[in-house]
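Q: Protein chains in written order, with my numbering: chain Y, 1197 to 1461; chain W, 1325 to 1622; chain X, 10 to 384.
I should point out that these hints are in silico values taken from the structure, not numbers from a laboratory. For every residue, glycine included, the Cβ atom is placed at its ideal position computed from N, Cα and C.
Below 30 angstroms or equal to it, Euclidean Cα-Cα: the simulated DSS-like pairs (lysine-lysine) are:
hint	chain 1	residue 1	chain 2	residue 2
1	Y	K1326	X	K308
2	X	K84	Y	K1252
3	X	K101	Y	K1326
4	Y	K1326	X	K68
5	Y	K1252	X	K101
6	X	K96	Y	K1252
7	Y	K1326	X	K114
8	X	K278	X	K180
9	X	K225	X	K243
10	X	K303	Y	K1326
11	X	K372	X	K308
12	X	K180	X	K197
13	X	K114	X	K101
Covered stretches of chain W, as calculated for chain Y (at least 3 residues, CB under 8 angstroms):
hint	stretch
14	1350-1361
15	1456-1466
16	1589-1601
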Amino acid sequence: MTESWLRPNRLLLAALGALTVFFLVVPTSLVIPMGFSSSQILTFPPPGWSLQWYQKMLTDPQWTNGFVNSLEVATLTAIVSSVLGTLAALGLVRGRFPGKSLVNGLILTPLIVPVIIIAIGMFSLYVRWKITGSLIGLVAAHTALAIPFVVINVSVSLRTMDMNLEMAAQNLGAGPIRTFRRITLPLALPGILAGALFAFLTSWDEVVVAIFISTARFRTLPVEMWEQVRQVVDPTVAAVATVVLAVTTTVLLLVFVVRRQAPAT
Amino acid sequence: MALPGLPAGRSGRRPRGGPTVNRWAWLTLPAVVFLVVLFLVPLVLMSLRSFTEPPNAGLANYGEFFASEADIRVLGNTFYIATISTIVCLVIGYPYAYLMSVAPPRVAGLLLIAVLVPFWSSLLVRTFAWEVILRDTGVINSLLMGWGIISQPLSLIRNTLGVILGMSQILLPFMVLPLYAVMRRIDPEYSRAAANLGAPPFAAFRRIFLPLSLPGVVAGSLLVFVLALGFYITPTILGSPRETMISRFIADQIQQRLNWGLGSAMAVILMILTFIVLALASRAVRIRDVFGALGDES
Amino acid sequence: MRSWPRPVTAVAVLALVASACSGGTASPSAVASVPASTAASAAPSGAPAADVCTNPNAKAGTTLTFASYGGVYQKAQRSAWLEPYTKLTGVKFVESEDSANATIKAQVDSGQVTWDVVDVGNDFGLDANADVLEPLDYSLIHKDEIIPGFASTYRIADITYGVVLAYRTDKVNGQVPQGWADFFDLKKFPGKRGMYDYSAGGILEVALMADGVAPKDLYPLDIPRALKKLDTIKDQLVFWPGGAKSQELIGSGEVTMSLMWNGRAWGAKNLDGKPVEIQWNQQLLTSDYFVVPKGSPNKDEAMKFIAWATCAQNNAGPSNFIPYGPTNTKSKAAADKVSDLAVTNVNATTAYFNDQWLVDNAKALDDAYNAWKTK
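Make a model of the complete structure from these sequences and hints.
A: The following block contains the structure:
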């Protein structure tokens, strides 16, 4: 797709591109060296190197609890939203019913409504139901936020699937459930997995809703980080941020791998 | 790959005169119930609180908001920052998306990764990385002062500049992805045809490519603007109280002043404004395509 | 194709099991055994049971949520009080570092109180806040040993400290700021100023003092006058939300001077090794207080802990880690910190908060401050 008529400007374009990549990637990556700093406060460049903050992160129960909590919430969110989202995607792609565009819109609403509004809305009701500061409350909140991503990903997989395969299976005598289980589901799997991974990430990094739904007894890692950034300010937060980044990048790589394996693209 | 977004059902077999509701429809029920109960109902109830607290408030909270100079200022501030962030993202994002669409596949892939990793990285992490970079004793100022370029630190933080820098970096992927999704489908044959017919390169770009990319521009700008309106963490850490945006204001009303009436009224106002912006832009693009680009980055 | 749900289900089950085991309060195990004879041989009625200081008779296995102000202060409280108390009684602590009056109110309002012992500032805990606080258990607390006036129905002071002017010795051109007037003098002392982002935290008081108001004339606060004075340095103000941030701001040199809590300024100098000094003139001498939110799930245990922490032999514990003074008259602060205590550095210019006025005018104060802040 080379545009030969644009060649002279290509250098400029490439330079701009490189600058933008720098702008996108470098600021975030600075937290990595900050986590290895020997200084007592968050600073860059670090005056010296030390593993003390990683040690602190691994031994301080607040951080370890936060990590475990985040992992639990994100995993459960991924599972629940994958189930709900896959079903919904199937219904939207294959289904015909009045009000379909309404359902379509409802599914997308968590992406549109400003997150602070979602946070206070959920907080006001979940408090009454006494599910704040609990695994259930956080999973419920994050699942609502993650469902749109699952639906979008699974829908794409479903739409690009070759329907002839399903028709062939049915012509050979397979019932609808069998067809679904052995043809549709495996072909939709990349989309489902990608959606699940995005759902995991949505929960893993989510901070605003978590701030409102968490309590001292049950906090996720981002909430812990938010509190520490304002009240403690030592580089442990950078060490934690590095770990958070590492998990995020790993999950993203998984998504790429899953998508590459997609058979019906 | 097909166009991103939720489909309207071009999946091959067309049922002929079948039932108005087929069995697949029921599969949407669990998700719908879940979202209604755990997402919609909380929003509705909270909105109701804007009318019922203090008791029999009616529109009193809304009146209080619009009568307060400070509150209106915050709203205006929010729109201002959101607009500037959108423009910045467009200026940076358009050339980048264009580069992605013309680059050889491997380079395009790398550029895509460069956009996606920050997109999915923690907002909090990125924001306090920016704090360390922008503050008076931060990376930029230390470098510039160390090289003798300046003698006093530049004021890059606790002002609009700092907020916009941080927000733009975080919002950039939301501009690039829709732009890219549209640009890569623009058939290069059009531009080549224009060139063959004697059009100078820039004119070809301006008259062929640019208009064709406009839906992406609108989609990306709209997405960035709507998201920027709701930003909370970044303006709090990178801005001063003068840069308070409406989400922070709402959070303060609820958390610190415990004023649910006023807080939820402001939340309703923000929601209405968001929907208005989306409604206006839905005339130009299908909203579903805009948000569809988020999950489909292939 | 092999179905994938099975490993996923396993993970789900594991996650659910893990959450069931980790979440929620620990079930109280056997009560710490106290021989009946010890309890019976307690001091005669009129004086609180002497044994709370040596044996609080707390329920081992309880988990108390302790909320304070983070940073080196909370670290000191942890080392001096929380950890020894856990060792002594088996009561565990979960901590919050963002203590705030509004959070207490919000918890009580919503009916979901998760904080048990809260360290609050001097602007809270008076009778006006009775609707959100539990009355303290003075049958356990040694009230007669506490500095008069520092223990009341809903609150008891746990430490004394000062709101002071801290400055960078390397950024003041060899001069020493003498008081708040110098804080507001940008010509003589150029540079940014750190300030506590809290309407009742002293921001208005120091502005008035800088404008020439004598400590005894501070209250009722002339808010417009204070805000007008603050406008003169508004562009140079860097607001900090918590003590640790103030320590970072002055430690990194982001600000030349800052309003700070003296223990944090001490931390910047002695723990972080930064060129920071304190100007004790015109300090606002004050206290932090322990309160128990109304409806706290572990009210009785909270009371025991508070009584224990304010006992003569325990109260000065934090002074081993931070120069904050005890409120129990029989306690002696750590010898190496005595000269750094706020109470040791009192002079004719020392000012005091009027807690009653601050509580009574909390809303007006907050409204005015917020309106000014966002302008």
